[in-house]
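**Student:** Following the hints, complete the assembly by docking chain B onto the known chain A.
Line by line, the protein sequences give chains A and B.
Everything in the first sequence is counted per the working numbering, starting at 1 for the first residue and increasing by one.
Everything in the second sequence is counted per the working numbering, starting at 1 for the first residue and increasing by one.
Among the hints, a few may not be true.
Unchecked claim - Derived pair list, reagent style DMTMM-like, types lysine to aspartate or glutamate, alpha-carbon separation capped at 25 Å:
1. B:317 <-> B:290
2. B:91 <-> B:10
3. B:13 <-> B:76
4. A:245 <-> B:167
5. A:245 <-> B:145
6. B:91 <-> A:239
7. A:5 <-> B:168
8. A:245 <-> B:168
9. A:245 <-> B:99
10. B:317 <-> B:44
11. A:245 <-> B:100
12. A:2 <-> B:163
13. B:91 <-> A:129
14. B:13 <-> B:86
I should point out that these hints are in silico values taken from the structure, not numbers from a laboratory.
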Amino acid sequence: MKLLKYTIYRLAQAVPVLIGISIITFLLANLGPGDPVSLMLQGQEHSEELVRAIERRYGLDRPLHERYVTYMVGLLQGDLGQSIYYERPVAGLILDRAGPTLLLVVSAYAFALATAIPLGVVAADRRNEPTDHVSRIAALVGVSTPSFWIGIVLILVFAVKLGWLPSSGLYYPWRPPSAYRGIDGHLELYYQSARHLLLPMIALGTLQMATIMRVERTQMIESLQGEYVKLARAYGVPERTVLRKHAFQVAQLPIITIVGLNLSTAIGGAVLVETVFNINGMGQLFVGAIQRNDYQLVMGVTMMLGVLFVVGVIITDISYAYVDPRVTYGERE
Amino acid sequence: MSSEPLLRVENLKTQFFTEAGTVRAVDGISFEVREGEIVGLVGESGAGKSVASMSIMGLVEAPGEIVGGEITYKGETIFGLEEGPDGELRKRDDALSDEEIRTRIRGNEIAVIFQDPMESLNPVFTVGGQLREFIELNRGLEGEEARAAAIDMLREVGIPDPEERYEEYPHQFSGGMRQRVLIAMALACEPSLIIADEPTTALDVTVEGQILELVDDLQSKYGTSFVWVTHDLGVVAEICDRVNVMYLGEIVEQAPVDELFYETKHPYTDALLDSIPRPDRTVTELEAIEGVMPEAIEPPSGCRFHPRCPDAREVCKRVHPEPTVIADADGEPHRAACVKHDAFDVDYEGSPPLAGATRETGDGMAEGTASELAPNPADDGGEDRE
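If we strip away everything but chain A, and leave its shape as in the complex, we get (with noise of 0.2 Å):
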């Protein structure tokens, strides 16, 4: 109960936030350089009044600040414009869209995840020996190298020597199979979007991965050291206990936040590999509508990651609260 109130108190202190959001994508989107109506009419012979006529059909003859308050209301009753390159809703567009991008950042996330936390355990565990040497040097080239690079060298290596892996497209799992051609029954299309899935999360995934492994043994290592690790020894436990409970337990706290925090990262690396490996998500209907100035797109991306980013940092809260018992729910006891 306690913590449902604790949600809905950070939820409406989002709202400020999202308010914020909206006034400067929409002051950057329509202040930037380039208008989107001659981009339209780039090419073609116009007159003056087919100009002023599209201007009154999208309403950017008003002033402003009019603007705002009707793509607010607008925003508040799910639409979010239409899209000047498509001609058709910005919402519809990005809903189209954000599966294949959430599966990958998801995906990247999960592999992160699985493949740091048990390496920054041992490295921990067997701090300034060998492990923790190659650990090191994996992390560190692992957060220096871009994600398109290493998207590259993986097709490289792994689609075009050696034939492995697919180096482009994505199968979308929750699809029906006939949407595909060639691909019978569900077990076929999960493997298939196993395989295309596979090099972009572990593009994504290598940052996410290599900041949380440092992280994680950090933690550990501090964790290891304190008087409530002494405490157990003292009493007997097992060195595997010590390690995997009563380490382990108390040092996943900042990982949470590095997860919520490193959203928008994992989104805008999201950008870059979705260009790699040809990948039809928001990264691509977002770069597309930045070099096309459809600046109605612009704003509903952006405030849908904004929306996305803040969320993450309010799940980010709320499971701290749940995971750590010393967090009180903004109020004193």
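**Tutor:** Chain B in isolation, oriented as in the chain A frame:
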């Protein structure tokens, strides 16, 4: 005492191998603990008290290592070294393995109460859960039985509403209550010996009083022996039966508690006693011990206390005294490691006092007693300075 003591520590040496050099944290100490006894291990910070107690548990962490000595518990060797055929030191065959120490000694035979109740409990598990885990491990109880034993023990150490508090987390407990939990952990495992490593240092004085009283009650009820590590001679006077005074990794004086306080034989113990605030005396300044304890990396030559000792003579720089029986207190030996006693035949009387030593008259001991009786010891120093 003819019967085998509960714990015997002989010539224990624990060193830390650091980049700055080898720290001889514990440098050849010997003492014993008998059934039902509270033995004090006293000294300033850095004297090696905590390292000594951790060595007994086999819990010295890298870069620390026990490099010599023997620890016997209930007649069994829990630590012992011998020289292998290649000249390397190795664990003796009759000594318990690490695994045996973990399963048979830690918790169920020797339990420990740590210094810092705020940090010693795991913040993410309930107090009851932690207590129960130790009970399950060390007493072979399971499930509801272990839970009931945990709640009983919480009640026993004076925690109100133990059923409710069992489910609470450490941060919901005050410092004194957490220390009670740690005591409950120690007692719940039904050990024969509890090592209490400065258990009241982090607590305020009223809570300290309550905890000492609790330990005293429980000790007489369960008959558990204690090694009580502290820097506070007041606490020692209150609860200990026998006392070991440590300085820079060595035991410098060893005596039953009354004997130690009334027939002090070592200038360091004297100095420690002088530095205690006394409500029955008016002083303008506390008699702090001059200087700070040197590093255990390069301990001073001869007697390690000589640079700070008011009785230091030239001979103290050369001769390193081992704790030696100086007097007899109702059948108990009173050992001290100070060459001013006749048991050390090194011509202390004939040796010139060191510059900086404050007492320059013939008999250091008599002088020490005199200053003890002086109405206002701080005045003496004041006159000297003028």
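**Student:** Against this structure, judge whether each hint is valid.
**Tutor:** Tested hints:
For a cut-off of 25 Å, the pair hint linking residue 317 of chain B to residue 290 of chain B stands: about 17 Å separates their Cα positions. Distance check on the hinted pair: residue 91 of chain B and residue 10 of chain B sit about 15 Å apart at the alpha-carbon level, within 25 Å; holds. Note on residue 13 of chain B and residue 76 of chain B: the hinted pairing holds, with a Cα-Cα distance of about 19 Å set against a maximum of 25 Å. Taken as a hint, the residue 245 of chain A and residue 167 of chain B pair is honoured in the structure, with Cα atoms around 18 Å apart against an allowance of 25 Å.
A hinted pair counts as satisfied when its Cα atoms are at most 25 Å apart, and residue 245 of chain A with residue 145 of chain B qualifies at roughly 22 Å. Among the hinted pairs, residue 91 of chain B with residue 239 of chain A is consistent with the structure: their alpha-carbon atoms are about 21 Å apart, no more than 25 Å. Our distance criterion of 25 Å between C-alpha atoms is met by residue 5 of chain A and residue 168 of chain B, whose separation comes to about 21 Å. At most 25 Å may separate the alpha-carbon atoms for a hinted pair to count; residue 245 of chain A and residue 168 of chain B meet this at roughly 18 Å.
Proximity of residue 245 of chain A to residue 99 of chain B is assessed by CA-CA distance (about 19 Å); at most 25 Å being required, the pair is judged to hold. For the given pair, residue 317 of chain B sits about 21 Å from residue 44 of chain B by alpha-carbon distance, which is consistent with the 25 Å threshold. With a CA separation close to 22 Å, the supplied pair residue 245 of chain A and residue 100 of chain B stays within the 25 Å bound. With a C-alpha separation of about 22 Å, the suggested pair residue 2 of chain A and residue 163 of chain B falls inside the 25 Å cut-off, and the hint holds.
Annotation: proposed proximity of residue 91 of chain B to residue 129 of chain A holds, straight-line Cα distance about 24 Å (limit 25 Å). With a CA separation close to 21 Å, the supplied pair residue 13 of chain B and residue 86 of chain B stays within the 25 Å bound.
Every hint from the earlier list agrees with this structure, and none is contradicted.
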